[in-house]
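Visitor: Sequence order for the protein chains is A and B.
In terms of this note's numbering, the first sequence has 88 at position 88, counting the first letter as 1, and numbering is strictly consecutive.
To convert a position in the second sequence, counted from 1, into this note's numbering, add 216.
To be clear, the hints were calculated from the coordinates, so they are not data collected in a lab.
Yeah, the Cβ is synthetic: ideal placement off N, Cα and C, and Gly gets one too.
Incorrect hints may have been included.
Stated by the list, open to error - No farther apart than 20 angstroms at their CA atoms in a straight line, the calculated lysine to aspartate or glutamate pairs in the DMTMM-like style are these:
hint : chain 1 : residue 1 : chain 2 : residue 2
1    : B       : Lys-434   : B       : Asp-532
2    : B       : Lys-455   : B       : Glu-511
3    : A       : Lys-37    : B       : Asp-246
4    : A       : Lys-37    : B       : Asp-463
5    : B       : Lys-320   : B       : Asp-463
6    : A       : Lys-99    : A       : Glu-80
7    : B       : Lys-440   : A       : Asp-125
8    : B       : Lys-455   : B       : Asp-269
As the list claims (entries may be wrong) - Rough simulated footprint, nothing fancy, chain A against chain B, three-plus residues with beta-carbon under 8 angstroms:
hint : region
9    : 238-248
10   : 448-458
Unchecked claim - Selected chain A positions facing chain B (Cβ under 8 angstroms, derived; list incomplete):
hint : residue
11   : Leu-24
12   : Ala-77
13   : Lys-172
14   : Gly-175
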Amino acid sequence: MEIFARCLALDFDGTLVSCAPRQLAALRAALSYCGVKPVDLSEHWRLKREGTATVAALRLQGLSEEFARAVSERWHAEVERYPWLSLDSPFTGVPELLKALIGNGVELALVTARRYPRLLRLQLDQMGFGECFTAVHVVSPTDAVEEKAAVLRALAPDLFVGDSEVDAAATKLAGTPFAAVASGQRSRDYLCAVMDSPVFEDVLGAVRAKWVEDGR
Amino acid sequence: MNETLHSVLIGSGGAGAAFGAVMSLRRHWDSRVRVVVIDTNPARLVAASVLADACETIPPFSDPRAADAVRMVVALYNVDTYMPVFDSEVVLAARLHEEEELPKSVRVLAPSVASALICEDKLATHRWLTEQGIPSPYTCDLAAGAPPGAWFLKRRYGYGSRDARRIVFPGQDMLDPGERREYIVQERCSGPEVTLDVFSSLCEGLVRVLCRERLEVKEGVCTKARVFEDPELAALARKVAQGLQLDGSFCVQVMRRRDEWVVTDINARPGGGTSMSAPLGIDFFAAAFAHAWGEDPWRFLRSLQGEAFVVRQYTDLVTARSH
């Protein structure tokens, strides 16, 4: 298989690795920490995938504003730390895909928003992804759109693959071609509703489509 | 996301192995499985309760009421998969399964009662290993009188190295005749002490073995490990799996006697340190569940090139809070 891309930029959470197990486990822990009865986690994740913010999703499940805010605050403090990070696992086929891309001379850059860059690098090493990326750019979650856009402008990749409207906004700002994946933070319906970019089931689909399109 | 695929009961929820099992379920099946843990302690003292959908307190497995409690929890939560994680619980689970005390639809991740009894009893384990021609340190019943000499003392039905120590017999065992019945003595072996985490698929005739050298042990559980693969040790584990018909994930403990490996213990279940290989993409808990559910277990058992070092650190979880 021939690959026509020169440089591919990828988001991490929800694009290359799972994000639901960690987010929901950290939510269980946050609810327990705050002494709040468990909520319906499937419903919570459905709401989040439809674009609902954490506090609003908890309010919809009957939590008071005070408790919803307390749980959300705790969740934010916990969700990017161990032991919850150990719940992330690469999506099926992702290690093989990265290997194939590198083997075909494609430069891979990771562009992701995380609070703790060191923990991300540790995860990459543990998953065997440490050597896969020629560049790893970790931006602040609070300014993710602007910071991702700045990184993408400098990298000028052929494509950026990500799982959220934040990724879409950053590529729009940077003028980078974008492919959205519905394997992570947002559902296909939500992504289709809020952006014009193509939406794929997962990163494998997005990259395959790129090959076919460019190889035509 | 909304569909509950399985309702899983994890025994001895307070044990490290139970936490590893629940983490594995959440990592790979997330909220698609309902997780119920049981323990002798209330939920507020069980770490795994934070990640579980329910946590029930039951009597100790030595209590005759434990069997009824397990049956009740299975019925209450419509459990379809039961992973016992404590040796006497493995025997109980095997018994409940064989005697059809649990619904036939429940997959019990335990071997036959006969195999579970062999693994629970260190003297029986030694006798079985000897019969099979698998090297094992000489082991004898302390109450029946051990030959004088330097020994390693262990509880006959012990776990997690509880009360295990080096002694010279007679004179240093410090046990009264009544207590001696609970102990065995084993020929002293030398290091390294290695746990073999094993996944066995009897229907495919395949095993996957990961060796975990126990560089540091706290409360009987490995906390610092060198992880590697070794064909000789894999062959040893395969013999154990086939001989005892162990299907799924379990542990074999080995040490050195002069120039050979000897099996010092067999646990017919994953151990407290089994989850240490999960960060390397080798998840024996997930493989066991996948195998039980007819999914592909091998995708959770990535190959390991060379060796890796894994150390464990505690985490702090708030399990309950009142307002």
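Visitor: Now tell me, hint by hint, if it's right for this structure.
Guide: The hints, checked one at a time:
1. At roughly 17 angstroms between alpha-carbon atoms, B:Lys-434 and B:Asp-532 fall within 20 angstroms of each other, so this suggested pair holds.
2. Restraint check for B:Lys-455 and B:Glu-511: not satisfied, since their Cα atoms lie roughly 25 angstroms apart, outside the 20 angstroms limit.
3. About 19 angstroms separates the Cα atoms of A:Lys-37 and B:Asp-246, which keeps this hinted pair within 20 angstroms; it holds.
4. Of the supplied pair hints, the one linking A:Lys-37 and B:Asp-463 is violated, its CA atoms being roughly 38 angstroms apart against a limit of 20 angstroms.
5. This hinted pair checks out: B:Lys-320 and B:Asp-463 have alpha carbons roughly 18 angstroms apart, not beyond 20 angstroms.
6. Among the hinted pairs, A:Lys-99 with A:Glu-80 is inconsistent with the structure: their alpha-carbon atoms are about 26 angstroms apart, more than 20 angstroms.
7. Taking the CA atoms of B:Lys-440 and A:Asp-125, the gap is near 18 angstroms; set against the 20 angstroms cutoff, the hint holds.
8. For the hint linking B:Lys-455 to B:Asp-269, the alpha-carbon distance of about 38 angstroms lies beyond 20 angstroms, and the restraint is violated.
9. For the region 238-248 of chain B, the assignment as covered by chain A holds, since 6 residues bring a beta-carbon within under 8 angstroms of that chain's beta-carbons and 3 suffice.
10. For the region 448-458 of chain B, the proposed coverage by chain A is not satisfied: 0 residues have a C-beta within less than 8 angstroms of a C-beta in that chain, short of the threshold of three.
11. Interface restraint check: A:Leu-24 against chain B, minimum CB-CB distance 6 angstroms, threshold 8 angstroms, status holds.
12. For A:Ala-77, the suggested interface contact is broken, since its CB lies about 12 angstroms from the closest CB of chain B, more than 8 angstroms.
13. Here the hint on A:Lys-172 is broken, as its CB sits about 29 angstroms from the closest CB of chain B, past 8 angstroms.
14. A cut of 8 angstroms between beta carbons decides the hint on A:Gly-175: the least distance to chain B is about 35 angstroms, and the hint is violated.
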